[in-house]
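A.B. asks: First to last, the sequence lines map onto chains E and D.
In case it helps, the working numbering puts the first sequence at residues -18 to 97.
In case it helps, the working numbering puts the second sequence at residues 6 to 120.
No lab work stands behind these hints: they were computed from the structure.
There is no bait here: all hints are sound.
According to the in silico footprint, chain E covers these stretches of chain D (three or more CB under 8 Å from chain E):
id, region
1, 47 to 53
2, 93 to 100
3, 107 to 119
These figures come from a predicted structure and were not determined experimentally.
Note that beta-carbon positions come from the ideal geometry of N, C-alpha and C, so glycine has one too.
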Amino acid sequence: DARVTQTPRHKVTEMGQEVTMRCQPILGHNTVFWYRQTMMQGLELLAYFRNRAPLDDSGMPKDRFSAEMPDATLATLKIQPSEPRDSAVYFCASGFSLDTITGELFFGEGSRLTVL
Amino acid sequence: QQQVKQSPQSLIVQKGGISIINCAYENTAFDYFPWYQQFPGKGPALLIAIRPDVSEKKEGRFTISFNKSAKQFSLHIMDSQPGDSATYFCAASIRSNFGNEKLTFGTGTRLTIIP
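All chains, please: the whole structure from these sequences, using the hints.
C.D. replies: This is the structure we're talking about:
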């Protein structure tokens, strides 16, 4: 049963601390996306990779957020230092860029971050 | 700049009724319009999608209606059931030569089906 795996599922931290969220995309997928979900903004794209290369991180606050794909099986999203306004659910999604039929993105179950 | 506007924010429909959610987009280069369904505590999952070369697509009780000239598309859920209670997101992307390039999502509609 192929699925996108995200860790941690829940994280509570104090303002100023570093937070790292991890994502294991579905094997064989070559695109990875990080989205942030809040009640006010819905789903915001933070960053996306194709074949491990970052293509767009324009939605990400550059001073505190960073996203990387050290290898094809791992994507990371790091916040340093964290702030209360970063509290949200962060989703990782993966897909296959040459899937011109469905173009489906597969989402993980999310990492719920609370910054106190 | 919000490129995909979704309404309503929340919707309550009686069981057996028709649920309708609307979206409007601005970028005429968008050429792929999916709807995602999200249950509490889960990630969104693809429900149904349409390309702009057709005006309607139906899958079971779910139908997308697409109006290219008005830059609008909508999701209709026929015979709505309590199990349809979820948050629905419309989205749009530019497929170009690749499959799932980045999706721009609407803000979501929380649908509640009451008995």
